[in-house]
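As a plain string of letters, each chain reads:
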Amino acid sequence: MNTAIPVRRTRPRLSPVASLQAAARGLAFFGLMLAGLGLLVVILVAPGLLALGFSNVTPAHHGDHRVVLALLVIGAGLGIARFLVPGALLAIRRLASLTRRLAGEWCGVPIAESYLPLPGPGDRPLSFTGRLSWLLKDPATWRDLLWVTVNVLVGWVVAAAGAAIMVVGLVEFIGTNFIRAIPPPAFPGNSAGTLGFLGVAIISAGLLAAPWLLRGYGLMASSMLAPAGNAELALRVRQLSQTRTEALDTGAAEIRRIERDLHDGAQARLVAMGMTLDAAGQIIDTNPVAARALLYEARDASVKALAELRDLVRGIHPPVLADRGLADAIRALALDSPLRIELAGELAGRPPAPVESAAYFAVCELLANVSKHAEARQTWIDIRQTDGMLRIGVTDNGRGGADPARGSGLSGIERRLAPFDGILAVSSPLGGPTAVTMEIPCALSSPKTSSC
Amino acid sequence: MRVVIAEDLFLLRDGLTRMLQAHGLQITSAVDNGADLLAALANDQPDVAIVDVRLPPTFTDEGIRAALAARREMPGLPVLVLSQYVEQLYARELLASGTGGIGYLLKDRVFDSAQFVDAVRRVAAGGTVMDPEVIARLLARNTGDGSLAALTPREREVLALMAEGRSNAAIGQRMVITERAVAKHTASIFLKLDLQPSDDDNRRVLAVLAYLGG
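These protein sequence lines are chains A and B, in that order.
For the record, in the first sequence the residue sitting at position 57 is 40 according to my numbering, with numbers rising by one throughout.
For the record, in the second sequence the residue sitting at position 170 is 182 according to my numbering, with numbers rising by one throughout.
Read the hints as simulated data drawn from the structure, not as lab findings.
Ideal Cβ placement from N, Cα and C applies to all residues, glycine included.
It cannot be assumed that every hint is accurate.
[Stated by the list, open to error] Computed footprint of chain B on chain A; a stretch qualifies when at least three of its residues, placed anywhere within it, have a C-beta under 8 angstroms from a C-beta of chain B: (1) 24 to 33; (2) 282 to 290; (3) 297 to 303.
[Said to hold, decoys possible] Only some residues are given here: those of chain B computed to face chain A with a beta carbon under 7 angstroms: (4) 22; (5) 73; (6) 125; (7) 127; (8) 129.
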């Protein structure tokens, strides 16, 4: 959620093409400003209507048709507040996210993003009030609103200035040289020639200024859209305590499951075995044939108990993962899977054991998803470690449409990776292909050296 | 028949030793780690080695690595690997370590001592013995696609037994059909899977496994 973005503060490129591009991008930002203006109007209309309505509902006008009108106005205000304002707030958030991304890509001013995570497990839809309070409690929402307002008031000037200057210069140039619509020189010494030169000069100034203006716009956006220092820390703390609680809960639930499995499985079978052996001992002299049958029964029970323990251990910590590490464990998984899986990539060493385990079970879950939902003919797994980041990609050519928000196993994987600050990216358009990428920051231990 | 055993748990090592001795096999060494195993193999020159996967000092796949190392040094040395788990990954590595004389079984298989000793003898004689669980998983994995789907249930059963390294006679005994019926099934399987028919048990297993493993 909070990815540290390296700050690039290089000089913008100054070439005519780059300048024209910068001017065009400024215009695009201008367009985003207009969208923000529309959303702002929607948000401001609700309190406006309410104020208007209430100011007219006074006893003086009692019985007046204006009261009815005022009540209608209040109703409209409430309706907009109920149905349109939350949507507008979310839309502003999208707009701000887009601006952040474009500021990084176009202006060379990357802006980090940090919103409050959705309260509770992400797979349950929130109530209306829950959603609204989640939006309103987030300081980032208010900073977004501030940005949209400032943008509407002054930001657009900076955004559009580059293009505007060029257009003025162009008009000046074309007007004096070709149309001659510019009035005759008002000052002595002014001629069409000098005015034409003035046009060229203005265009050049616009070309020179456009990249810097775009950069300035990015910096302005950054001053409001970047998370405030405190907010960032507070967010991190909140996120850490949440993932810690979830990790502890998951661990406790897992232990309970293991206890239950042992209790109902292997333990019960061992008790039954003990009783069968005892029964065999009682009748071994009187009925050796029946006793022998009981002994074989006890032997079969022990085989079943072993099989159950084996499955249990596989679910806790698979042997190949313990023996060989992540890459081989996933290779073994691929061999056991009914899917057609192609594996690429190697790890030079071993990630820390908890990371290995989380990554392994995440891949298990993803493959289970693929075989359950995707109807894929081929699956590709890619494992690599670069820049202190363990990356695992699972891609299939199935029918797509996987959505982490819809409470599939994907949100479970997100929770599994969260304690390690790992993230999950899913791209799954309807019709496929589905590409899931996991990234977990971690360092590899030095490669295990083995003599045999 | 001379046997070397490597198993780190005393109870199991002792039990295995006694069981094999009861069936008339001679235990030349019973060791509890990989290094001692390699020394014992070089020293005793046994007919077969029985090796547990998990051995000290790492308690991971020490046994597999020791077995592979031993077969590199002494090509063709028959090794039967025992484990609490069977993994296709390890099965492949063992099968790739040279032709024949290789076995990979769950530890549970020692419960049926007659069958287990039979497996030891087959490995010692240069055969290949794969645990039914390995085969079952290979078959389960390959149910969906192509030519395996063309097999009748009966033929699949024969294929599974064949992959366990059994001869036609043994398969017939197991399925309570005549050896000739088995031969008919195997011919049909080879035809459907487009495999070269062969009388050699070991090459048969390898062909089947190679086919199943894709």
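Each hint, compared with the structure:
Given a C-beta distance limit of less than 8 angstroms, the hint that chain B covers the segment 24 to 33 of chain A is violated, as 0 residues qualify and 3 are needed. Only residues whose C-beta sits within less than 8 angstroms of a C-beta in chain B count toward coverage, and the segment 282 to 290 of chain A has 5 of them, enough to reach three; the restraint holds. Coverage of the segment 297 to 303 of chain A by chain B holds in this model, with 3 residues showing a Cβ closer than 8 angstroms to a Cβ of that chain against a need of three. For residue 22 of chain B, the shortest C-beta to C-beta distance to chain A is roughly 19 angstroms, which exceeds 7 angstroms, and the interface hint is violated.
The beta carbon of residue 73 of chain B comes within 4 angstroms of a beta carbon in chain A, closer than 7 angstroms, and the hint placing it at the interface holds. Residue-level restraint check for residue 125 of chain B is violated (minimum Cβ-Cβ distance to chain A is 11 angstroms; threshold 7 angstroms). Hint status for residue 127 of chain B relative to chain A: violated, with the closest Cβ pair at about 12 angstroms, above 7 angstroms. The restraint placing residue 129 of chain B at the interface with chain A is violated, with a minimum CB-CB distance near 16 angstroms, outside the 7 angstroms limit.
In summary, the structure is inconsistent with hints 1, 4, 6, 7, 8 from the numbered list given earlier, while agreeing with the others.
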